[in-house]
Amino acid sequence: MGTGWSLVVLFAALMTFAALFVRSLWGYLRRRDPLQRDITWVFLPPTVFFVAAVAGALPGPLPSWVEPMAYAIILTQPCLTVRLAARLRSVPHGLELFVWLTWVFVAGARLFTGADPTDPVLALVVVVFLVGEGIAAALLFGKARRRTGANRARLTIASAATLAFGGMIALIGVGTFTEKPALEAAGRVLAMVSGLGYLFAFAPPRWLRRAFSASTAQKVTERLLRAPVESPEQVWQIYAEIMRVQTGADAVAVLMPRPDGQLATIGYSGPSLPTPDSLDNADLTALIRAGRPARLREGAPSVVAHYGDDLSDDFVTALSMPVPPDVDGAVLLFNRHRTLFRDEDLRQLAALGGQAGVLAERQAVIAAQRRLSDELSQSVEALTRASKAKSTFLANMSHELRTPLNAIIGFSDLMRLEEPDSDRRRVPAEWIEHIHTSGRHLLGLINDILDLAKVEAGHLDLRLAPLRVDTALIELLTGLSPLITTKQLTVKRDLAEVTALADRVRFRQIVENLLSNAIKFTPSGGTITVTTRDLRDDVVEVVVEDTGIGIAEADHGRVFEEFQQAGDDEGRRAGTGLGLALTRRLVEAHDGEISLVSAPGQGSSFAVRLPAAPIVRSVPADDADAPLVLLIEDDPQAADLLSAQLSAAGYRIAVAGSGESGLTVAGTTPPDAIVLDVTLPGIDGFEVIRRLKADARLAGIPVFFASIVDERQAGLELGASDYFVKPVDQAALLAALAQTLADRSSPRVLVVEDDDQVRCAIEQGLRAGGADVVACAEGRDGLELSRTGHFDLIVCDMQSTDVDGFSLMAAIAEDSAHTPVLGITAGIGADPSDAAPLVATAMAGGVLAEAMAGGAGWETLAPLLGRRPPSRKDT
Amino acid sequence: MSTILLVEDEDLNRTLVKAVLARAQIAAVRHAEIIDAGSLAAARERLAGGPIDLVLLDMNLPDGNGLTLARELAAGEMALDGKRPVVVAVTASVLPQDRAAALEAGCDGFLDKPYAAADLVAVVAEHLPG
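So the protein sequences, as listed, match chains A and B. Under the working numbering, residues 1 to 875 are what the first sequence spells out, in order. Under the working numbering, residues 1 to 130 are what the second sequence spells out, in order.
Chain B with its partners taken away, still in its complex shape (with noise of 0.2 Å):
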């Protein structure tokens, strides 16, 4: 089973991404587990605590850019446990110069907010092991 880290700190976001792969067609999507944070902080935190697979990662924290995180994870400067996890920004920036900003950081995805329950679930089965 899958872990999915879901940083965002919108309640209302991660009611949504939750109840939209909870729902999902796609077995391994539905059954993964989901564990959030509302924090750049919290992020980090909960991938040195555990092994986590695909980490979607909002731009807009309280504490700084997304995209930070996203340069850690890629300059191998953070503490895990297990090994480097998939990216996936999910913003509502979505000109060009948001989307190489984030490839350039480090992220293996990207997904436009808004976004259907569909491409949600298709970006995180897409990125998903197995």
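For reference, chain A alone in the conformation it holds in the complex (with noise of 0.2 Å):
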């Protein structure tokens, strides 16, 4: 086969190499661009290279130096090459140096064997050679990684003809020695392969370059018009970010005309900056008709004062982006190297991205509406719902109530249809009971529907004490045994000992509603299983299970609701459809929850958790006036040792395992002292005492810190009395408890009641409980002394002579805003002289309470004053 073919492909490579060369020097020549001049040298090597070879190719002799210098020539590609890289992106110290010392070697060696050289020196050429342009190629493959679009592929091409060059060298070499001409010939296809790609990468044609730019632009038009925009102003922010990804420089600023021709930074993706706020537009305009990459640091201060000093990147481009109608952007791009390309393409792309930055607003305007039609129509459906739940509602309630006044109205019409006996009618004693059983139905839905709408609107009044729900169980079954008794139901009980911290009404409410669903739907000679049991975590559980009909798993959710009962609308209905709803708002109100296991035929099994009541310690009879201190401790060793040390100094105590059950009993029970630690389940001691102290009633409570945490400074910033690190010294702890728990005074009491008996009666109860009272009858007085006396509590008949009660009290609690008040009023008829009770409300906070104000002591005002009367022991 002949070499010829061969000989106008080794040719048509020099061309392209030359071409390259003349090309890239031409754009130097123009521009004066550095890294123009330094792809100028890489294509010098080559054409050399190449002029040699054709020439040797050609019959004639050739000077015997020719050969090795155009090998000592071509071997400086590969460090030309890395020489480029190094301007793209950085690379490692010491490596273009020691690719150009082994050149220097390699070179050298080609060099003195002459025309003939020996099979290793050959071979060490080669090896170098590839291993030159491994390193270059590795270099540029590594940046082209770190780009995206037209710019990776640009630089992955070079890559790979910078490795197609090695590879052509090495042919070439091996062909030549072994006398291959096939080899040679393969070398000088590779030869024109990486010619092209070079052609390709470093001065790709107008068509391809045109291509590049317009899959970049349509990338970036459609990343931005996908991208989730919330709002208008985002849209350039978003538009910064995916340019500094398609172009691959380090930093995008987006910049936009304000209304007095400065432009404005209004999008930036790159390190943060401190706000650049605005730019001369002067500056801009020179940097964008260079039309080249212009150094940071030369020029443009104001670009440089906004941006320079804190990018590190050297280099700025900044491109005009006309936004339509008739605007004029920038968009500066901030490169740390210098990029392989000229902004031709890139200003497009910025032009491009102009309009389609106008679509994304619009988008993003079209996109804000569509939310808000979303919105209204979401609000107009939820009340269409609402006004539904309220037609459902009253449907049901009317139907509820319809069903015992049936029976009322019904049977009493009966009655009077009765023949008359003078005065009297002779009824069937049957009829009064149905009529009673059935207002007795009626009243127990009225309340039903109150506690809904008490609950509903959050006015429900939960009195949480501790209470023994075991005890509380069995009362209840007892009430309920003649239902059980006629319904001939087994009752089994597993009852631990537990003490929920619960409203005792409520509770019973909500225990009764269960038990007696149970009893109704479980058929005659049935099983009920009623269990309570501690649950970790200070929960206390109370378990009814039946044997009774069940309720499939559909309709677990809706028995819970309000008239929503098992079975669809053209179902069973039985009870009034309210029992299980106020159950679980109750249970809800108690921060508890309720849960139903059940199937159809399985019988159905209601789980109540509330929490558990915190332990109070029981304390002898006798001493039942000792001071009370509530420890809140979670460590129950801790706690007995404490407990056990205070109750020797004769306090008694309760004691609360978590700050939340802490506060509750120092709500409901107010201690005379607190002991508090400071690591606790839950919220910890700080910030118990913060809540503490932020409640009127408890902020008068001492409180001192016992933990192993020393951080007394904080302890008694927070307002403790004192701070305790443990081990407690005991001895120091009794000190401070009793020196503070002496230094109290008395809360200090006004009473303003017209009706000396009355006055008399109150006064001498307060006094008994410790009490500093002042007492007056005429309402203008108290008023008047409330002003000015400091008072802890203001007690206040309501039917005062000369001010009219409530006056009186709106005023008093309008000028003392923290005073509670508490308003009492004579019942109708009632005779204090006999010692009636009185009925007192009190409106302290708007809380409505009832309390006997026979003995108007201590027992009804304590909870109001949130303090407990100094003790006999300590006066």
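By construction, these hints were calculated from the structure, which means they are not laboratory data. Heads up, none of these hints are tricks.
Listed next, the stretches of chain A that the computed footprint assigns to chain B, with coverage defined by at least 3 CB atoms under 8 Å from CB atoms of chain B:
(1) 392-406
(2) 410-421
(3) 433-446
Keep in mind that this is a model prediction, so the values were computed, not measured. Where is the CB? At the ideal position from N, CA and C, for every residue including glycine.
Mind assembling these two chains? They're in different frames, but the hints should get you there.
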């Protein structure tokens, strides 16, 4: 096979590289861009080499120095490529030096061996060349990987071309040496391929550049339009981010003209910077006109002022970004290294970006409108649902109320039809029972509805106190025993002694509902199991289980909703449909939860979980007046130790295992002092004291820290009376407690009451409790005194003779916002002299509480004062 | 003598209806035979077991809605002894849509709860044959 065609290929390769060389040289001479110069250098050795190769292939001898010289020159190509790569990215220090040193060594060896190189020298040349090209290709490829779009493609091609060039030298070298023309021909083909690769990479034809930039522009537009844009302002920020990714710049700033003509940054992506406010147009115009990356530190002072010092980037490319219809924005691209390519392509990108930005802005506006309309339709839907729920509720109410009324009206109507016997009628006793039962049912229904409304409005006033759940259940079961006996049900009890923190009345309501449901839905002869137990985490559980009809899984959620009973609308109804709804609300009001396990035919099991009451130590009965100390301590051993020490010293002790339960106990039975640990489950001791001091009723209770953590200063700053580090010095704690309790002054109470007897009774009661009492008969005097006297509590008659009690109370309440006011009123027809109880209504803080005022002493008033009387021991 | 089927699951209401009808001034009403059924199933059994002239039908029954029975009767799907009885819905669901649903299901009359004794008598008298 002749080598004629391969010579043509060689010649074509020569022409390609020569063209690349001339073109880059021309580019450099025109713009004096250092990057362009380095590109020119890369193409010089191949051009020389191919000229030598073509000359060698022509007939006629060549001087003997030509070939070694050509080799020495071509060996610089990897070095120059590494040098070019170093302009585009950071290159490990010494690598460039290393490749140059290798070149000196290898080129020297090749020159020394002259026209007839030995095998090892030739092998060395090939190997070193391959290694050098490999390093250069790897550097270019590494850069390519960090770029995207056209940049990436061009750098990858350049990297491949470099490798191909290395392969070409290897093939030609080996081919010449082994005298195999086929290898040499293959090398020449590879040379052509490499040349074309370089051409595409470094001097792409216009159509290729357009294709590159069009594909990038399309990507920018696509990503911008698909980005989840919330507001028009966000569009340009996202545009900056996308531009940064697509161009591979280190930072991108998008600028738009403000009304005053200055350009302001509206989008920026890159290392965080102090927000730049504006730029002078003139600087930018100059940059944009320059048409190539400018060194940031030269010229463009305002750009440098804004960006340069914070970005270590040396190069900034400014692109004008025309935004339709008539705005001229700009995009600044910051680069640490030179970019390989001219910015003509980027300019088109910026222009397209401006248009895409406008589109995206419009899209964002439309999206915002759509969101608004979605929200509107959602609220319309919610309103419709609420209105439907209201109608349904009313329809159900009507139905439920009519059912018992039917029996009441029907039977009483029948009674009226009976023959009268003078002023009496003889009627079947059964009818009276029916009317009574239906009346009770109606009352229950109305109470349920009122309770539900109360819970709904957040007005359910729970009186939380420790409640023995097992005892309460036994009482309830006893009350229900006639019903249980009638249906011949078996009741199994598995009652552990547990104490919940609950409202007695509401708890009974909860469990009664569950029990009567169980009785109602269990067929005769069935079994009801009632279980109580302590769960971990301060929770008490009551389970009522029956062997009744059961509830389908699908209905489990609905049974707890108002008027929603098991079965569909067409199905059966039993009960009021309010019981379980109310039960759930009541349980939730206790911070508890209710759950159901049931299946049709399998019976139902309702489990109620309520917060456990903190353990309160029992105290000897003769010591009931001893001051109460609340220990808030989660470690049982520490609590035992402290409470043993304190009870030995004559104090009554309550122990709470967590901050939350401690606060609850303090709220329900205010102690005389609190001993508080810092590290607690849930809220810590510091939070507990913060809340105590923030509560006007509890702020007066002295608090002592006892903790392993030594945070004395913090504790005292939060208002603690003293701070003890564990192990607590028992004597010091007891002394501090005794001192603080003895120091407390008696609470001051103002009594305004015109009835002498009542006033004296209240005064005596309060004095007996240890309060300082100021009493007066006239409302006007009372108002006067309340303004000057600094009282802890004001007790005020609602029917004062001169001023109407309500206006008086309102006036007092307005004056002394933090002083509780207790309004008292005599029951109608009650005679205070025979100690008939008065009904007192505490109106403190909008809380309505009923109390018997007959002995309006400490039992009634102490909770309002948030403190207890000093015990006899202290005084 | 006419026969009335009282479909009602509450004892209280059954007692009431019987007491009211037994004291009616109108002889036909007073002398009507009343048989009762506490569920849909029991009602179907009674309807198959002997001729019934009038059904007083409650809506909320343990095994379904009373309207189901009304529909079955109207569609002639039920095994009957004798001709189709007149059906009067007696219910505490008194909203216009409840009434419409009852009429659509084929009820011939409608009595709201709570009712006075005279109302019940009047409705029964109106719908009893003869």
